[in-house]
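Full structure from sequences and hints, please.
6 protein chains.
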Amino acid sequence: MPKRIITLGEVLMRLSTPGHERFIQTHDYEVQFGGAEANVAASLAFWDQSVAHVCAFPNHDIGKAGIRFLRAAGVDTSFVFLREGRMGLYFFENGSMHRSSKIIYDRFYSAFSQFDGVGVDWTAVFDGAEWFHWTGITPAISEAAANLCQRAVVAARDQGVRVSGDINYRRNLWQYGKSPLEVMPDLIKNTDVIIAGLTDMENCLGIRQDDYVEACREAKRLYPDIRYISTTHRDSLSSTHNILSGVLWNGETLLGSRTFDMPHIVDRVGGGDAFMAGLIYGLLHKSDADALDFAVAASVLKHSIPGDANFVTVEEVDQLVRGENVGKLLR
Amino acid sequence: MPKRIITLGEVLMRLSTPGHERFIQTHDYEVQFGGAEANVAASLAFWDQSVAHVCAFPNHDIGKAGIRFLRAAGVDTSFVFLREGRMGLYFFENGSMHRSSKIIYDRFYSAFSQFDGVGVDWTAVFDGAEWFHWTGITPAISEAAANLCQRAVVAARDQGVRVSGDINYRRNLWQYGKSPLEVMPDLIKNTDVIIAGLTDMENCLGIRQDDYVEACREAKRLYPDIRYISTTHRDSLSSTHNILSGVLWNGETLLGSRTFDMPHIVDRVGGGDAFMAGLIYGLLHKSDADALDFAVAASVLKHSIPGDANFVTVEEVDQLVRGENVGKLLR
Amino acid sequence: MPKRIITLGEVLMRLSTPGHERFIQTHDYEVQFGGAEANVAASLAFWDQSVAHVCAFPNHDIGKAGIRFLRAAGVDTSFVFLREGRMGLYFFENGSMHRSSKIIYDRFYSAFSQFDGVGVDWTAVFDGAEWFHWTGITPAISEAAANLCQRAVVAARDQGVRVSGDINYRRNLWQYGKSPLEVMPDLIKNTDVIIAGLTDMENCLGIRQDDYVEACREAKRLYPDIRYISTTHRDSLSSTHNILSGVLWNGETLLGSRTFDMPHIVDRVGGGDAFMAGLIYGLLHKSDADALDFAVAASVLKHSIPGDANFVTVEEVDQLVRGENVGKLLR
Amino acid sequence: MPKRIITLGEVLMRLSTPGHERFIQTHDYEVQFGGAEANVAASLAFWDQSVAHVCAFPNHDIGKAGIRFLRAAGVDTSFVFLREGRMGLYFFENGSMHRSSKIIYDRFYSAFSQFDGVGVDWTAVFDGAEWFHWTGITPAISEAAANLCQRAVVAARDQGVRVSGDINYRRNLWQYGKSPLEVMPDLIKNTDVIIAGLTDMENCLGIRQDDYVEACREAKRLYPDIRYISTTHRDSLSSTHNILSGVLWNGETLLGSRTFDMPHIVDRVGGGDAFMAGLIYGLLHKSDADALDFAVAASVLKHSIPGDANFVTVEEVDQLVRGENVGKLLR
Amino acid sequence: MPKRIITLGEVLMRLSTPGHERFIQTHDYEVQFGGAEANVAASLAFWDQSVAHVCAFPNHDIGKAGIRFLRAAGVDTSFVFLREGRMGLYFFENGSMHRSSKIIYDRFYSAFSQFDGVGVDWTAVFDGAEWFHWTGITPAISEAAANLCQRAVVAARDQGVRVSGDINYRRNLWQYGKSPLEVMPDLIKNTDVIIAGLTDMENCLGIRQDDYVEACREAKRLYPDIRYISTTHRDSLSSTHNILSGVLWNGETLLGSRTFDMPHIVDRVGGGDAFMAGLIYGLLHKSDADALDFAVAASVLKHSIPGDANFVTVEEVDQLVRGENVGKLLR
Amino acid sequence: MPKRIITLGEVLMRLSTPGHERFIQTHDYEVQFGGAEANVAASLAFWDQSVAHVCAFPNHDIGKAGIRFLRAAGVDTSFVFLREGRMGLYFFENGSMHRSSKIIYDRFYSAFSQFDGVGVDWTAVFDGAEWFHWTGITPAISEAAANLCQRAVVAARDQGVRVSGDINYRRNLWQYGKSPLEVMPDLIKNTDVIIAGLTDMENCLGIRQDDYVEACREAKRLYPDIRYISTTHRDSLSSTHNILSGVLWNGETLLGSRTFDMPHIVDRVGGGDAFMAGLIYGLLHKSDADALDFAVAASVLKHSIPGDANFVTVEEVDQLVRGENVGKLLR
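Residue numbers (the UniProt record's numbering), protein chains in the order written: chain X, 1 to 331; chain V, 1 to 331; chain Y, 1 to 331; chain Z, 1 to 331; chain S, 1 to 331; chain B, 1 to 331.
Keep in mind the hints are simulated off the structure, nothing from the lab. Quantities reported herein were computed from a predicted structural model and do not represent experimental measurements. Hints may be right or wrong, so weigh each one.
One copy or two, either will do: identical chains are not told apart, so a pair holds if it fits within one copy or between any two.
The calculated DMTMM-like cross-link candidates involving lysine to aspartate or glutamate, where the alpha carbons are at most 25 Å apart (straight line), are [as the list claims (entries may be wrong)]:
#1 Lys64 x Asp318
#2 Lys64 x Glu324
#3 Lys64 x Asp48
#4 Lys220 x Glu252
#5 Lys286 x Glu324
#6 Lys64 x Asp261
#7 Lys3 x Asp76
#8 Lys328 x Glu21
#9 Lys64 x Glu30
#10 Lys328 x Asp211
#11 Lys178 x Glu84
#12 Lys328 x Asp192
#13 Lys328 x Asp61
#14 Lys328 x Glu202
#15 Lys3 x Asp288
#16 Lys178 x Glu30
Below, the structure written as structure tokens:
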């Protein structure tokens with residue numbers, strides 16, 4: 001039995017217009033479920049890791065449909081709670097060429113946003129776990145969610161679990177009265193692996209630097225428990241055509257990945273989460289350099305799949321890393 | 001140019017599962033827009049009446065899609081406002097036989113619910129109008145919406161406009177701290193035509209009666225401006241099979257309609273609104289008895305059409321009243 | 001090798017709204033092809049009869065899609081021609097309960113309507129044939145089509161082929177300047193088997209009678225070559241619920257079929273053509289009484305199938321005649 | 001933690017034509033998964049019972065999609081195996097009125113049919129279990145599957161687990177050389193609760209009786225461990241209209257349920273499995289009479305839901321038993 | 001209240017095959033409405049301009065669905081008429097790579113083509129208007145439509161309204177007996193702004209020139225009221241990949257736009273109309289150079305949107321002109 | 001009447017996920033039919049060649065749907081047989097960018113695989129034929145199918161029919177106990193035109209060569225009846241972007257085609273069969289060099305069309321060869 005990975009975060013119902021239709025013209029929304037952390041959980045479960053996700057859903061049939069999504073993905077839902085409140089939603093419109101893709105969030109007042117984690121048996125949650133993953137979206141949603149995240153990080157730390165955090169700074173979210181710099185440092189100081197670009201570092205770690213390696217070194221000075229810092233670089237030539245690469249700073253070196261050209265993107269949502277999942281998987285099972293390559297390749301493959309979730313196998317990711325089978329018709 | 005009809009109320013985006021799928025199993029939501037009052041507006045506009053609807057939408061593309069729905073229906077949107085807040089939603093699951101149809105509302109915190117009508121040029125709204133229609137849903141949503149409704153009713157009255165109100169009592173809605181009996185009487189006393197069953201009368205007019213005619217008489221005593229009281233009787237043998245009739249009390253007699261058997265219901269949502277629209281149209285253009293017949297026949301036809309809106313012509317309703325062409329293949 | 005059946009008539013592209021949507025609200029049309037005579041051809045071919053259809057299509061991809069429909073049905077298209085002109089269309093809206101089903105025809109100026117049959121090698125068409133079928137729609141479309149029909153009937157007669165005609169009087173069609181009574185008698189006098197109700201007889205045979213047997217006798221006096229007259233009786237309780245039966249007058253007796261209750265109609269278009277096909281099949285292979293039963297049962301089954309074509313096997317029709325397997329789940 | 005229920009049987013991919021389309025005309029198949037025993041498992045899991053299903057899938061993406069179905073339903077897949085062989089399929093065509101619904105099975109040579117259960121840790125499977133459910137489909141598929149079923153029944157018995165078996169005799173399946181009477185008695189003698197009609201009893205228990213109670217008594221004499229025998233009675237007026245009731249013999253009395261009219265069936269596949277699940281749930285949590293009522297009501301609700309699985313809650317079933325909320329629009 | 005823009009032209013129902021299906025293989029047509037001039041009207045209305053469209057529809061439900069399209073777009077339909085005749089249609093097949101996109105027009109004998117504008121209150125039409133837009137498609141359809149166009153242009157001129165005309169020469173259309181050079185000059189001489197490439201100039205203005213500036217100068221000499229001449233240059237590398245730019249001659253200089261690469265075209269229909277709408281908007285609100293940039297950017301964005309209509313906001317066009325947000329995921 | 005072309009091979013039902021969905025996530029399969037040889041037949045019939053296909057289908061509705069596909073394509077089905085066994089299937093998942101397209105075959109135990117051709121009247125099959133086409137898939141499926149292929153090749157040869165064979169070596173198929181080198185030489189020695197790359201030559205002709213011309217010469221030495229050897233070269237940059245060219249060795253020269261860039265592939269399945277059909281058509285109607293160009297251009301166009309079948313006309317292929325109309329919007 002592998003050791004367990006715990007993830008925490010809101011699961012949203014995603015409503016996407018078909019094809020490249022705009023919100024204003026659609027007659028139909030395709031239903032999926034996703035969320036930055038749940039996408040990581042789904043990837044890891046698809047790769048046969050033992051994963052449990054912590055969150056809350058509204059106590060009605062649509063909330064329960066969200067639970068079905070997690071279960072289908074093979075994620076343990078023992079720590080999923082049904083609470084009062086709305087289902088968090090997001091509406092997605094897939095751009096093309098010069099026209100940007102667009103998301104309208106409708107997640108305020110959700111059941112999750114009112115879930116502060118009081119009463120959760122955190123000891124049970126982290127029993128047998130070796131990794132805990134959170135993102136900067138949770139503390140940005142509400143005071144309750146920030147408290148939830150803090151409780152989880154502390155509990156994980158207390159039980160000796162490795163912690164990763166995807167800083168993922170989004171200006172629009174922080175609306176409940178606290179600034180990121182009031183909240184994030186307490187979370188980051190208990191975190192081993194962070195995903196952060198320079199903007200994230202400035203807004204959430206309080207680090208102003210133009211050079212990524214310098215920024216990493218300063219982060220390590222401020223938050224000495226950090227062992228890895230990583231980020232992706234995405235060059236958005238158009239909505240349909242991006243170029244992607246990643247870096248991983250392991251306290252010593254800044255490792256760089258191969259750069260991938262992605263000229264026919266099917267769906268870029270969840271690309272970052274696919275990278276995060278790949279990195280966790282890689283750091284658990286591979287060398288640092290191989291972990292980074294695996295993470296970037298996983299992210300690249302996500303861009304070819306509709307929906308939030310990255311339905312690719314470890315073997316498919318490894319093949320892309322090795323440059324095998326790309327573009328073939330596999331029979 | 002016909003005189004104008006003004007309606008007021010929230011427009012919701014309706015997300016329906018296809019066919020008879022349940023929420024828990026669907027992969028797709030069909031998009032429509034509707035709302036008790038907007039459905040009345042759409043019917044009347046479809047019947048070549050001049051109609052303007054008053055409401056507020058969120059200032060984003062999905063809100064604007066709601067405006068498109070009103071425009072497509074031929075409803076004047078000069079008094080539609082874009083405001084902060086969410087888009088009100090409802091999710092609809094079409095039952096069958098013993099399985100009930102189900103609605104999950106997700107309308108709290110909407111742009112409309114925060115719209116109190118301050119700053120609206122009510123004189124302009126009611127300029128040239130001969131009818132104003134509201135429902136008991138609006139005052140049930142929020143304090144702001146209750147104030148909006150009150151402002152509109154008073155302004156209509158001041159400008160000599162006839163007023164109709166569909167009492168439509170829904171226990172689940174009244175959550176902002178006031179009870180219906182604190183709010184509704186002030187609206188009803190300025191209303192000429194009300195749709196109310198015995199339950200509505202008890203909860204919103206404060207009238208406890210078992211006999212409908214007695215209840216109507218008492219309503220008239222308490223609210224002397226009322227000229228008509230009407231309601232439908234629906235016998236729900238199953239989700240697919242209902243029996244429908246209506247009554248209209250005109251201060252003197254309780255007129256009764258023909259009873260319609262509806263054994264293959266396609267979509268019952270908006271059936272009551274179709275009746276209301278039919279009654280307004282009828283009271284403007286027909287005798288009392290013919291108005292009631294028209295209203296019931298309009299409602300019956302609605303049950304054969306998917307979505308909230310009643311896409312039937314005056315001629316089709318008149319034909320059903322006369323029993324012509326029913327079930328034929330019209331070439 | 002069985003002897004051949006020849007049919008003649010326009011094939012239209014049918015564009016149907018999905019489910020029970022109305023024209024005014026649809027975003028999508030489902031494509032099928034059909035036509036009174038082609039539906040007969042398709043049924044007979046599905047029952048392993050050798051059938052060739054005579055018609056003209058416009059010389060473009062949509063016309064060719066019409067040919068594909070005939071070929072897929074197993075109908076010989078050796079006598080299908082590509083000509084100038086439009087594709088004839090019809091738009092179909094499936095009613096429900098009190099709301100009638102509706103067809104908007106858009107067939108004027110079609111390639112077929114300009115096809116007069118000059119230059120067709122009629123000897124080749126009827127070589128080896130034992131049955132020719134036409135309907136009253138063809139002579140109603142245009143002068144050219146009337147001439148085409150007349151040419152075909154005469155040629156069939158000359159080659160000793162049995163002829164059936166479905167009178168199918170439709171007032172809306174006769175717009176090119178001739179009345180049915182100027183055109184139809186010349187066709188009917190060369191026809192052995194006709195489908196005609198009392199209205200058809202009045203308008204196309206010039207027979208005014210209230211009693212069907214009397215009308216049949218008079219038809220025989222006027223058109224002595226007629227050997228069979230048949231019709232269906234449809235009681236349209238609603239769009240969804242019809243009751244169907246048929247009669248067949250064989251020169252001596254008026255045979256009557258069992259009456260079928262059809263309370264959940266899926267699609268009634270082509271119901272009459274299914275009857276016609278059943279009658280031709282029956283008269284070729286069965287006794288008169290069995291032919292009638294087969295025809296009615298074939299028509300009943302058609303009402304359970306979407307589209308114009310009657311995809312039921314001889315065995316399925318026979319089983320319904322015998323009352324076997326009805327409503328079972330066949331594994 | 002509730003005690004566990006174990007089910008065993010093949011999961012098939014179901015490919016259904018949309019609406020009422022026939023196989024011959026469809027351009028599209030809707031995908032679901034199901035199987036007599038897995039449907040029982042899914043119902044019980046939906047009712048918050050702890051359920052594990054034992055089966056084998058082919059080791060490819062479509063097999064894994066089958067596992068996702070079980071997981072989504074909340075069924076424990078710890079004892080689901082990936083093996084060589086095909087995915088078992090069935091194609092489903094939904095009839096209407098006089099036209100029967102039709103299934104084409106394509107399940108031979110499947111991974112499951114080659115799975116004999118050797119090497120399964122049956123002690124682990126039944127650890128903590130209180131109920132095991134099998135059906136007569138498994139021993140009918142292949143020698144391997146019959147051995148699998150026998151191993152499971154014996155192991156369950158050895159560990160003191162209650163056993164139910166849905167006899168479900170299907171003549172078409174028994175093609176591997178053994179007759180039911182060679183195989184079934186060994187399974188039935190270790191079974192406490194059986195679903196069997198008179199035909200099942202004749203073919204699988206060797207009991208020829210016209211009277212159901214007499215047949216039950218004889219079954220008890222032959223297989224003294226049987227405690228309950230139950231069956232449903234379905235009157236198929238048409239594909240769309242069935243009448244359903246059930247009986248339960250508890251060793252003493254033959255209990256009868258209310259009779260339900262089902263005049264607008266959406267999908268009858270899985271109706272029997274819904275009854276079985278309801279009976280297991282009822283026998284675990286209710287009196288005998290209430291168990292039967294619950295089982296029949298669960299089955300009735302299934303007929304309103306597309307797909308194999310019965311997405312209804314315990315509360316919905318209980319409400320139907322009590323006659324509450326039927327046909328209402330629940331908001 | 002902004003001054004009004006009037007457009008005139010036929011609205012066609014567009015029936016598109018899904019995805020990249022060919023006419024010959026499709027089972028489904030997606031419904032949209034469009035037309036060169038109505039597309040301009042829809043764009044301008046979407047940009048909050050006050051626009052009224054003049055046209056005629058057939059007096060049936062599909063004609064009325066066309067009106068709904070205009071209303072939904074926010075276009076004033078006060079001058080839309082219901083007349084006898086067909087609905088004009090076009091069938092669209094979206095090409096890919098080396099395979100060309102294809103349109104089959106089916107617009108002859110339409111209600112619009114028989115609409116000559118006699119009886120229209122042109123004074124009312126142009127009351128308060130500042131711009132009138134027509135295209136060379138209208139005079140090409142029929143004698144009646146040519147007369148309609150001529151009446152409108154003269155009336156606009158008489159009321160001091162600026163006039164634009166998109167010459168849009170299509171050889172296939174001119175089938176009613178007149179040549180473009182008999183008809184177009186009378187229209188052009190009353191037009192201020194024309195869209196015309198060298199081919200248009202040769203066929204409709206009678207100008208043979210290889211150099212665009214020379215051609216413009218000659219046009220000005222022949223038609224002195226012309227103030228602007230503009231055209232786009234499209235390099236069709238493949239159906240999916242075009243390169244687009246535009247020029248605008250303002251009587252003095254030939255302004256050139258930026259060149260846009262469009263390597264993943266979603267739908268190019270309406271691209272020229274989007275340019276025309278952008279140019280009108282630009283000439284009303286911006287400098288000449290900015291007007292051209294706006295027009296080209298509007299056209300480029302259209303290529304990313306399914307359907308005829310250009311659902312992009314002024315802000316989105318301006319952002320593309322400035323190179324902002326291109327390819328981003330906007331949250 | 002043109003001389004006939006005979007093709008032989010299994011027709012599979014293709015079930016494709018919509019868009020770019022993966023097997024693991026789909027809820028829907030789109031239905032098409034295809035097969036290497038049937039695709040050739042369909043192309044040739046679409047190009048007005050007289051083609052008959054020889055194969056066997058299971059005797060149920062889905063088998064008959066396969067026959068409908070052939071008929072619709074205009075292929076003569078006189079030599080299509082209904083036999084016991086399954087319908088062969090394949091599941092198709094369309095890749096994108098770095099993610100490969102994937103096929104899961106499910107064709108073992110099919111009716112075709114058990115069809116050995118005994119009892120077929122081969123004289124009738126090849127009566128009037130001038131070309132017979134087979135592929136290396138048939139002898140790879142089963143012993144029976146290998147015998148069928150051998151019988152057909154010998155019979156064709158005996159009747160003086162030209163024979164083409166697409167070697168199409170697939171390692172996964174050869175599972176019935178014989179190796180390609182035991183079976184293929186006997187087929188190839190009776191074949192005039194073969195499609196074979198170096199791998200095919202090694203595995204099926206026993207020729208190990210690195211140089212294609214040398215390999216062709218050796219093939220000619222070993223199998224002196226071979227007149228043409230041809231192959232395509234596909235450079236798969238990604239699933240969406242391939243580069244294609246072809247060569248044709250005519251016993252003297254190795255002719256090379258133009259190289260086509262295909263940067264937005266819609267569906268590459270059937271690309272090789274489109275080439276084969278083009279080559280047969282070309283060799284029947286054109287010079288060697290023109291035949292090769294036609295074949296490659298036909299294959300290129302196939303990549304723009306969903307499904308197995310290549311719905312392009314001879315004129316469209318010729319236009320691409322001449323570089324005409326590419327990327328235009330044809331009205």
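The hints, checked one at a time:
1. Lys64 x Asp318: Intra 35 Å, inter 20 Å, cutoff 25 Å: inter-copy only.
2. Lys64 x Glu324: between (40 Å within a copy, 23 Å between copies)
3. Lys64 x Asp48: both (24 Å within a copy, 12 Å between copies)
4. Lys220 x Glu252: within (11 Å within a copy, 64 Å between copies)
5. Lys286 x Glu324: within (19 Å within a copy, 40 Å between copies)
6. Lys64 x Asp261: Intra 39 Å, inter 30 Å, cutoff 25 Å: neither.
7. Lys3 x Asp76: both (13 Å within a copy, 19 Å between copies)
8. Lys328 x Glu21: Classified as between; 17 Å across copies, 30 Å inside a copy.
9. Lys64 x Glu30: both (17 Å within a copy, 20 Å between copies)
10. Lys328 x Asp211: between (40 Å within a copy, 23 Å between copies)
11. Lys178 x Glu84: Both. Shortest intra-copy (24 Å) and inter-copy (21 Å) distances satisfy the 25 Å Cα cut-off.
12. Lys328 x Asp192: Neither, since 39 Å and 30 Å both go past 25 Å.
13. Lys328 x Asp61: between (42 Å within a copy, 17 Å between copies)
14. Lys328 x Glu202: Answer is between: at 21 Å across copies they meet the 25 Å cutoff, but 43 Å inside does not.
15. Lys3 x Asp288: within (20 Å within a copy, 45 Å between copies)
16. Lys178 x Glu30: This pair counts as neither: shortest intra-copy Cα distance 35 Å, inter-copy 38 Å.
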